[in-house]
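Q: All chains should be modelled from the sequences, with the hints used to inform the complete structure.
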Amino acid sequence: MSGHSTYEPKSGLEKWLDSRLPILRFTNDTIITFPTPKNLNYWWTFGGILALMLGIQIVSGIVLAMHYVPHVDMAFNSVQRIKRDVNFGWLIQGMHANGASMFFLAVYVHIFRNLYYGSYKAPREVLWLLGCVIYLLMIGTAFFGYVLPWGQMSFHGAVVITNLIGALPVVGHSITTWLWGGFAVDDPTLNRFFSLHYLLPFMIAGVVALHIWALHVPGNNNPTGVNVTSASDTVPFHPYYTVKDGFAISVFLILYATFVFYLPDALGDAANYIKANPLVTPQHIVPEWYLLPFYAILRAVPNKLMGVIAMGGAIASIFVLPWLDTSKVRSMRYRPTMRLYYFIFVLDCIVLGFCGAHSPDDPVFPISVSLQLLDANLNSFVWLSRIAALFYFVYFWVITPLMGLTETPLPVPETISSPVLSHPAATPAGAAASPEKRG
Amino acid sequence: MLRKSLALAALGLALSFSLLGGAALAASTQEEPKDVHWSFEGPFGKFDKAQVQRGYKVYREVCSACHSMDLMYYRNLGQKGGPFFDPKYQNPNENPVVKSLAHDIQVKDIDQDTGDVISRPAIPADKFLAPFPNEPAARASNGGALPPDLSVITRAREGGAAYVYSLLTGFANPPAGLTLPPGKYYNPYFPGDLSSSWHGKGDAPKGGAIGMPPPLADGKVTFDDGSPSTVKQEATDVVAFLEWASEPRAEERKQFGLGAMIYLLIFSGLLYASYKKLWKNIEH
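Those protein sequences? They're chains A and B, same order as listed. Quick note on numbering: this note's numbering labels position 166 of the first sequence as 166, and the sequence is numbered without any gaps. If you want this note's numbering, it's the position in the second sequence, counting the first as 1, plus 439.
Pairs of lysine-lysine, DSBU-like flavour, derived with a Cα cap of 30 Å:
(1) B:Lys-473 x B:Lys-640
(2) B:Lys-659 x B:Lys-496
(3) A:Lys-38 x B:Lys-719
(4) B:Lys-645 x B:Lys-671
(5) B:Lys-659 x B:Lys-623
(6) B:Lys-538 x B:Lys-496
(7) B:Lys-538 x B:Lys-488
(8) B:Lys-715 x A:Lys-38
(9) B:Lys-716 x A:Lys-38
Since the hints were made in silico from the structure, they are not lab data.
A: Here you go:
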């Protein structure tokens, strides 16, 4: 898409098409000859994995929609009918339900890889923003999708989440009623959630196209974070990365298949095998694992509106990250102090997920002594999630801007090839002074 | 790099599972389900057909008095993977055993000539007969409690088959100090909170008050194959049946999975070899 195109139409038909709609040139430049840094590691294969997962979700979802009935009286049984009576329905439904988890697993690896290697920094801010939009759309799609089987957790999860909007002052209740299509989560809600669940993936696909376009303007970042300087730093995307990504995709599919074929319900909740009953509330309402960290942040704040704002802020912080990071060095390979905070941040997100899965009042440590401070029991998940949520925001809004100004990064190699061809210690000193050429 | 990355990923996965696993345990106020072993466990597990057949008899003669199985049809009993599957009758609607099992049951229908409600023997295409016409009727006959539908019961409870087995075999006399309301039975495996009924010393016992009286008893079901008619046998068999009914395609799923796994492993190996060969001369 950018730079010089090496495509040469060979046959007469190709020449004719190339001067009218250069789609073959576009394909060639995008996925065949696209110059890609030669030092990408396996963390870079998750882009391809995500593209495949989106494809699997859309195709399996379209087939499921042929058999699913979006009606409160029939939705639950129609999903069971798919698993029992539709030819290979058990496979398609299992792929779709577990595919959502795999999709999120891959997107989290992809996002954390970005954070580590500073891929969001100039000139890739738009690429990053588009990625954030995709993630936001994924959360929406997953939420709508989880409601569709109309189990207990589907229904009560939908009630909890839609009620959050009611926390907004003045307009909250009107918006909630409008969203529900009535005065409670009911048939109209299920119908529109089904419609939106079908719509959003195509919006994701559209933004993915923009995401790839935005990737192909500056090209890939790489583990050193150093810009590509010469052709010897790169290899053509095909066959080098089609094969490497292909291998990684295949390994990822083994993990995926393990869940689909041998642990189909391991990531779900038993309560969702009970048909939704508005009169019986499950003991613990928890979202799917991939949304637990945000759920923990929501519950960490005693005030409902402030909790919603904190949860929104947690996602908004990801969006503005490129402008919070003041460091000139992209890759954390050369930022030892920041790297330490990064790993604490990863752990923090896991801890938040852990908190989201537990009741707020459950003790964190199984000791009978309560760590009482005034009227607060510090040995409870709500307090752990408060500490973890605080660190989450501190990481984005304090540590990230400050570290870039105060830390002393290690020497950064001048080119991608130098750390490969010679030992990192042998790279010329003073390289850190001009670690990269921006834009 | 690969080894390190994979090890990290595996570690992360293991960590998150152990954390989530801990989540399920921390909140429980009931006894841990008994440790039972079933033929259908594991990636190669298969149903013991004779056991599932006996289990159907237990359901039919005991459970079905109160519990519906709305997702089940008599034809399911004779489909591939089902307890009465006969390779001679690929279409379960033609299976004579299934036909006769269905024939034993009278279902309501509409007479197409008169429009009157009539009773006729069931056919394989009929749904399992529900014991009550509606929820209020079910509650009225069970002291206000609603016997849950058993179609997906082993999926719909934490602990699955082991939980259902433990519940069925776990009824006990309430410990001294526990006064339960009439029509409620003490079961240490049933989730609940007994503190309001507890007058003894210390914490209330684990478990809950269940509306179902102990359903199984020695000699309650006579098995056609001469298996001993003990509570343990009845419970094991009916749980195997319920597990099968919760996911009749489970065997097909595992079988298909084996092929998919072998394919993916070979495919990954080939791709890895291609990758190594292709990148051999690239310094990276």
